[in-house]
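Peer 1: Chains A and B, in that order, give the protein sequences.
Everything in the first sequence is counted per the UniProt record's numbering, starting at 1 for the first residue and increasing by one.
Everything in the second sequence is counted per the UniProt record's numbering, starting at 1 for the first residue and increasing by one.
Keep in mind that the hints were calculated from the coordinates and are not lab data.
Do not rely on the hints blindly, as some may be mistaken.
Below, a list of computed lysine-lysine pairs in the DSS-like style, where the Cα atoms sit at most 30 Å apart [to be verified]:
#1 B:K65 <-> A:K306
#2 A:K421 <-> B:K84
#3 B:K84 <-> A:K364
#4 A:K316 <-> B:K86
#5 A:K216 <-> A:K150
#6 A:K234 <-> B:K84
#7 B:K48 <-> A:K306
#8 A:K313 <-> B:K84
Listed next, the stretches of chain B that the computed footprint assigns to chain A, with coverage defined by at least 3 CB atoms under 8 Å from CB atoms of chain A [to be verified]:
#9 10-23
#10 76-87
For glycine and all other residues, C-beta sits at the position ideal for the given N, C-alpha and C.
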Amino acid sequence: MASKLLRQTLTKTKPTNVIRRFSTAAAIASPSEYEDPTGITMKGVKIAGRPLYLDMQATSPVDPRVLDSMLPYYLSRYGNPHSRTHLYGWESETAVETARAQVATLIGASPKEIIFTSGATESNNISIKGVMHFYKDKKRHVITTQTEHKCVLDSCRHLQQEGFEVTYLPVGSDGLIDLDRLRKEIRPDTGLVSVMTVNNEIGVVQPIEEIGKICKEFNVPFHTDAAQALAKIKIDVDKWNVSLMSLSGHKIYGPKGVGALYMRRRPRIRVEPQMNGGGQERGIRSGTVPTPLVVGMGAACELALKEMEYDEKRIKRLQERLLNGIREKIDGVVVNGSMDRRYVGNLNLSFAYVEGESLLMGLKEVAVSSGSACTSASLEPSYVLRALGVDEDMAHTSIRFGIGRFTTEEEIDRAVELTVKQVEKLREMSPLYEMVKEGIDIKQIHWAQH
Amino acid sequence: MAASGVAAPTRAEVLQLYRSLLRVARQFCDYNVREYTKRRTIDAFRDKKNLTDPSQLFAAFSDGKAQLEVAKRQAIVYSLYAPKVKSIMDIKPS
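Excised from the complex, chain A in its bound form (with noise of 0.2 Å):
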């Protein structure tokens, strides 16, 4: 019987009862008042097919593998890992273990130090707020960088609004902060350091191993984000000397809505939970821990640990690449962020003498953002690549590449060609540009009102 469902659902040969019951559901899952047989036509734009995805900083697609270990979890162990009484608990419970295991093993902790949460904004929020509020009396002052992510800034800013004090590190031109400032930051009541792993907008790998010895130095304890950066790099909580670290299931080739928390027990951390209830995940997050997401995340880790060597390769070619290929054509483009402390996957470009909002419309069969998910819905450049101390002009060029594990090579001489194509017409639109070519310096021009 299976055999019969399965040839008839991969030769499709003629509609018999089965595949019609299958495609009547299938009808009801996908919406289709955007797709039609020539192409999709959304917010006034119609493209011929799905757009290639270069948009891995986002989120990423969900590995069939990790798809697959999770869907017994929604199919027939259903239960949830807390009841005690039988056996769809039970086994609920056991996946939930095994995949607590397999993220630690991913970062070289013990299961006994992971919680679950919603996601790594849930973690961040977890971390500075929960370990501030805990140690409020003795401890007033948080140390952070000015390209943290939003949830990080937002947390430190509501912190700043309940009397606590922050200071945001700069950030030099290739987007790492200066050990000595930190150094000289941090005072006797300084109760945590936040520095994300890898950074969203332009990948730039911040030097954890170092500003980890100089907060040991100091007994103060050491916050990462490392949404970004797990299964990308090797992480060590050790070898970091990290006390908490957020970490992302769809960053990961996992499902979206869940993440854990890394907290060391040796020296312990306290944090007071955000989310009160019934005491789940050692009383730090209440609430009916999501069996089938947390499985997936533990089986993308578990995956990573196998890839993520050949899949690092495999990028860093992709990489080049699409670096060379854009600069053979095309000249003005600047890297943001140093190139040699970078995550391989992350390439942030600006064009010169290019208006980004244009060069995104063209550029629609690629998927691909400017600035992060979380802040391009307003207008303002991107406030990672300010602390940069990129031009606003170039600030608002960015373009920021996402390659992956999915990512092939005809994707990406696809995506060189296309923005090589818009960048050159754009540019012969530009009266900028004109007079670039002729030699006229811009800055110096002298603007005069009419």
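Starting from the known structure of chain A, fit chain B onto it as the hints suggest.
Peer 2: Just chain B now, with coordinates in the frame of chain A:
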């Protein structure tokens, strides 16, 4: 024939596994997953071409067989929910 204990797979079995994986890769309707499965199979088999230790060979072969089962299931799931419009990489330029 079927390996019992820690017996290494025969050349014919390995080739059959390789061909089955490539065949299942072709059945994915999603461009990226299809290309990935194909590429990963070729690279993984090439990587392990020179293994000689029977227990390692057996482990790699069983791992490959398990991945084949996963791929077969997922090929069906992906085809059930295939979007009406394909990826732009699958559409030949007219």
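Peer 1: None of the hints should be skipped; say for each whether it holds.
Peer 2: Here is how each hint holds up against the structure:
1. B:K65 <-> A:K306: Holds: B:K65 and A:K306 sit about 17 Å apart, inside 30 Å.
2. A:K421 <-> B:K84: Distance ~29 Å between A:K421 and B:K84 Cα, so the pair holds.
3. B:K84 <-> A:K364: Given pair B:K84, A:K364 holds - Cα atoms ~19 Å apart, limit 30 Å.
4. A:K316 <-> B:K86: holds (28 Å)
5. A:K216 <-> A:K150: holds (26 Å)
6. A:K234 <-> B:K84: violated (39 Å)
7. B:K48 <-> A:K306: Holds: B:K48 and A:K306 sit about 14 Å apart, inside 30 Å.
8. A:K313 <-> B:K84: violated (34 Å)
9. 10-23: Violated: only 0 residues of the stretch 10-23 of chain B have a Cβ under 8 Å from chain A.
10. 76-87: Contact hint for the stretch 76-87 of chain B vs chain A: holds, 12 residues under 8 Å.
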